Amino acid sequence: MREGKPFADPYLAGIGIGLALLAAYVVTGRGLGASGGFASVVAAATAAAESTERATRSPALSPYLTRGVASPLTDWLVLELVGVAIGGYVSARLAGRSRVVVERGPHLSATSRIVAAVGGGLFMGLGAKFARGCTSGQALTGGALLAAGSWIFIATCFASAYLLAPVARRLWR
Amino acid sequence: MTAPFSETGVLGSTGVLASAPLIGFAFGWCLERGGLGSARKLTGQFYLTDLTVFKVMFSALVTAMLGAFWLDRLGVLDLGLVYLPETYVVPQAIGGVLFGVGFLVGGLCPGTACVAAAAGRLDGLAVAGGMLLGIAAFNALFDWIRPLVESTALGAVTLTQLAGVPHGAGVLAITVAALAGFALASRIERARG
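Chains A and B, in that order, give the protein sequences.
According to the numbering used here, the first sequence is numbered sequentially starting from 10.
According to the numbering used here, the second sequence is numbered sequentially starting from 15.
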């Protein structure tokens, strides 16, 4: 299987992400995010499925529907995520790394990998809601501002992944 | 002070919104360039065979931290107007544990799942779908778990405020720790490679 061009230096990629985050502080005063964009989509979908009025009264959804409009298109994080996907696609395409595939460990079937991916995403969705952000909105954005809770999130996230890694070895090795 | 533009009126809400896809593009581009659109590469972090996640994440964090610190010092950016995520000790510890489990099992985080999906990785699309389900489940359970979710609130507080030391001391300590971590990461990769 052709793998495409080699990846960039990780420190160079990291500095680039750091500058994007810095630009977000400077322009928006809020930094980056990913799970928040997903949460906006869920809130908008719930409002569309039930009623906007009921959704705006729900304490779980109302923070995402502050304008009283259930449109994720006016949400900064959703537009940012659209940019993330386009940037990722263009970069992968130019480097010959764009192809339709199920990436998985050597001992896993494609079906098991998809099931694990959905399950992993579900845990991350729950976790990001408890933590009020994910690797982008908490770890990077809050971490660089030295927010105490962001560092609690970083520490517990890595600790739990490392503790589980030996047990879940068959997923990846 | 001229920044943050959203707070100082340099840019209106449309201008701020227009920055979202541009900043997102740069973010997604860099994630993909660094190899973080690949679940197998990402999970190498947890088996200590490939420490790209640590290197990318902490070089990004240190870059933004130093940038924000110095722009504030130079009077360009008012850090007091930048939103500081609030601290909720127990919920964030629970969230971190759940997220870590999901990260290892799913192999991608929310942002990198978008990159992976955009590059054709169907597992990335599945992680993104799972995220939506997890958030919907949280919302459905919210009335029951609300006391837990809102417990141990410390407000918008930094590590340096809790420790009673200047912000710059924390910036320096994290920078030094990250540099030591980078040196250690290279040694681990050499030993395992």
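Since the hints were made in silico from the structure, they are not lab data.
On a predicted model such as this, the values are computed, not experimentally measured, just so you know.
One thing to keep in mind: the hints can contain errors.
Cut-off 20 angstroms, straight-line C-alpha distance, at most; resulting in silico cross-link-like pairs (SDA-like, lysine to any residue) [stated by the list, open to error]:
#: 1; chain 1: B; residue 1: K55; chain 2: A; residue 2: A54
#: 2; chain 1: B; residue 1: K55; chain 2: A; residue 2: T61
#: 3; chain 1: B; residue 1: K55; chain 2: A; residue 2: P72
#: 4; chain 1: B; residue 1: K55; chain 2: B; residue 2: E203
#: 5; chain 1: B; residue 1: K55; chain 2: A; residue 2: V176
#: 6; chain 1: B; residue 1: K55; chain 2: B; residue 2: G195
#: 7; chain 1: B; residue 1: K55; chain 2: A; residue 2: H116
#: 8; chain 1: B; residue 1: K55; chain 2: A; residue 2: E62
#: 9; chain 1: B; residue 1: K55; chain 2: A; residue 2: S67
Query - Structure versus earlier hints, numbers of those that do not hold, lowest first - result: The structure conflicts with hints 1, 2, 3, 8, 9, although it agrees with all the remaining ones.
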